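*Asks:* Okay, here's what each chain looks like letter by letter:
There are 2 protein chains.
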Amino acid sequence: MSQTKILTENRSIQAVIKNVRSRGQTIGLVPTMGSLHAGHLSLVEESNKRCEITVVTIFVNPLQFNEENDLRNYPRDLAADVSILDQLSVDYVFAPSPEELYPPGYSLSVDVGPLSKILEGRFRPGHFSGVATVLLKLFHLIPADTAFFGFKDYQQLKVVQQVVKDTNLPIKIVGCPTVREEDGLAKSSRNQLLSPTERQRAKCIYESLQEAQKMVDDGEYDAKRIMQSMRRHIHQATGKVDYVALVNPDTLTPENDLTKNTLALIAVRLGDVRLIDNRLIKVGNG
Amino acid sequence: MSQTKILTENRSIQAVIKNVRSRGQTIGLVPTMGSLHAGHLSLVEESNKRCEITVVTIFVNPLQFNEENDLRNYPRDLAADVSILDQLSVDYVFAPSPEELYPPGYSLSVDVGPLSKILEGRFRPGHFSGVATVLLKLFHLIPADTAFFGFKDYQQLKVVQQVVKDTNLPIKIVGCPTVREEDGLAKSSRNQLLSPTERQRAKCIYESLQEAQKMVDDGEYDAKRIMQSMRRHIHQATGKVDYVALVNPDTLTPENDLTKNTLALIAVRLGDVRLIDNRLIKVGNG
Numbered sequence: 001m002s003q004t005k006i007l008t009e010n011r012s013i014q015a016v017i018k019n020v021r022s023r024g025q026t027i028g029l030v031p032t033m034g035s036l037h038a039g040h041l042s043l044v045e046e047s048n049k050r051c052e053i054t055v056v057t058i059f060v061n062p063l064q065f066n067e068e069n070d071l072r073n074y075p076r077d078l079a080a081d082v083s084i085l086d087q088l089s090v091d092y093v094f095a096p097s098p099e100e101l102y103p104p105g106y107s108l109s110v111d112v113g114p115l116s117k118i119l120e121g122r123f124r125p126g127h128f129s130g131v132a133t134v135l136l137k138l139f140h141l142i143p144a145d146t147a148f149f150g151f152k153d154y155q156q157l158k159v160v161q162q163v164v165k166d167t168n169l170p171i172k173i174v175g176c177p178t179v180r181e182e183d184g185l186a187k188s189s190r191n192q193l194l195s196p197t198e199r200q201r202a203k204c205i206y207e208s209l210q211e212a213q214k215m216v217d218d219g220e221y222d223a224k225r226i227m228q229s230m231r232r233h234i235h236q237a238t239g240k241v242d243y244v245a246l247v248n249p250d251t252l253t254p255e256n257d258l259t260k261n262t263l264a265l266i267a268v269r270l271g272d273v274r275l276i277d278n279r280l281i282k283v284g285n286g
Numbered sequence: 001m002s003q004t005k006i007l008t009e010n011r012s013i014q015a016v017i018k019n020v021r022s023r024g025q026t027i028g029l030v031p032t033m034g035s036l037h038a039g040h041l042s043l044v045e046e047s048n049k050r051c052e053i054t055v056v057t058i059f060v061n062p063l064q065f066n067e068e069n070d071l072r073n074y075p076r077d078l079a080a081d082v083s084i085l086d087q088l089s090v091d092y093v094f095a096p097s098p099e100e101l102y103p104p105g106y107s108l109s110v111d112v113g114p115l116s117k118i119l120e121g122r123f124r125p126g127h128f129s130g131v132a133t134v135l136l137k138l139f140h141l142i143p144a145d146t147a148f149f150g151f152k153d154y155q156q157l158k159v160v161q162q163v164v165k166d167t168n169l170p171i172k173i174v175g176c177p178t179v180r181e182e183d184g185l186a187k188s189s190r191n192q193l194l195s196p197t198e199r200q201r202a203k204c205i206y207e208s209l210q211e212a213q214k215m216v217d218d219g220e221y222d223a224k225r226i227m228q229s230m231r232r233h234i235h236q237a238t239g240k241v242d243y244v245a246l247v248n249p250d251t252l253t254p255e256n257d258l259t260k261n262t263l264a265l266i267a268v269r270l271g272d273v274r275l276i277d278n279r280l281i282k283v284g285n286g
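Those protein sequence lines, which keep their order, are chains A and B. Counted from 1, the first sequence has number 243 at position 243 by this note's numbering; the numbering is strictly sequential. Counted from 1, the second sequence has number 12 at position 12 by this note's numbering; the numbering is strictly sequential.
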């Protein structure tokens, strides 16, 4: 017996949310592109814990895809997603069509500035503009108290925080820990696109992040040498490195010497599949 | 005894509006750059008529000025503005500093697309991006039911409508008729920057709009000939024409033959002062 209500039209979700608001209930929003995995579900659980009503959006947003193949191949399975969300007692799923969010004549875009041009932004031009634009729309359609995002897409989380701060949106953004497979591979909807061999090799991403921590633990603080070692590890597994970076976790600007906690970020291609991951590298006591 | 409350901080206006909302009162928003004239006051009166609470914002938005001189010379008189708004029983004035709306690290901007690149957008690059960006912030800080804008800045009104539509903002946008001086010059804060001679000559703008209507009434439907005549009239008054346009009032795309109601738009420089105006040219019975 399904309890989760599925809405596909802007005016339907707006009417529902208006009603929820008028009852004074708090709303948690979990924006996703579907193909839900344990990472998404941890966001839903956090929303269930903190908010009275949880809304999950499922929308493969064309604006944030810079490669047509990636958009075409992105896995979609709404029925399976809804069944999972129903088991978690999610109140509402908003799953609009591209035409519902971008009707003919649509023309607006949001530029988030320098933060959106580095790292992922450099390799995926327009990606964060697409993310910011669709989230602005979703935040307007579903004026939640809190929205939940995974640390796995760390730069996205920072971009969302910048959008909220710069536009004075009255919403709280909560980041949640990355959920991993047993061998450490970060959960991602794109993992299912990997061949068995590629899947086996993909653990090199997490291993290289762990290697960075180990080098620091062993007294290596030179970013260049640590990144070299990470790259080498990826290459050994026949992965193609888009970037490896050691950055300040707040500003995402590069660190040359690791004198305090530093974020290691990595983007790798295995065959046609592009995967990203990151972890905080702990330096000394802080 | 002043009743109008003046707020200058984001968190103050947010707290006030949250309170108003919790009482279930409707909110009307009149965004201005101050130097209030009868045009602004007609917007305030419309808001007073339609909404229980009226908020006027006064902010000379640096993002929407493409010329430094224009920003520097733009007239400012907060004390006079507040005194006028107090007489109209405006509930709240929000008058933030530039640093309050654009603190260090601010980096977001909104691109509204093609509509923002033509006419005013062509002569004032970045202008409508600045308008859209600040309005998005103001709409978030002051989630009003209705916001009021003058027809004088007709393209701005269309841009605002596009922002609201494209971002699914739950706010109603109301356009209000242009208020004019006795000789027809549209009320504008920039009028006070005109020398007495320039002020005398400035009536050529309205005259040229009236001339367009007269030509149509006399059976001239060729846009090119009508615009030529309008330009000639401005030149005779020593005005410099930035543009004269006859466009579809909905799309702002040019009309070659006036077969239905058409919007005449004009932008003129008199000395250092740039003025814009427009009027609907009625064709036949509709």
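Among the hints, erroneous ones may be present.
A pair counts as met if it fits within one copy or between any two copies, since identical chains are not told apart.
[Said to hold, decoys possible] Using 20 Å as the maximum straight-line C-alpha spacing, the simulated PhoX-like pairs for lysine-lysine come out as follows:
id	residue 1	residue 2
1	K172	K18
2	K18	K187
3	K240	K260
4	K214	K224
5	K203	K5
6	K165	K18
7	K117	K165
8	K260	K18
9	K5	K240
10	K224	K203
11	K214	K260
Note that these hints are calculated values from the structure, not bench results. All figures in this text were calculated on a predicted structure; none of them were measured in a lab.
*Asks:* Of all the hints given earlier, name the ones this structure violates by number, lowest first.
*Replies:* 2, 3, 5, 8, 9, 10
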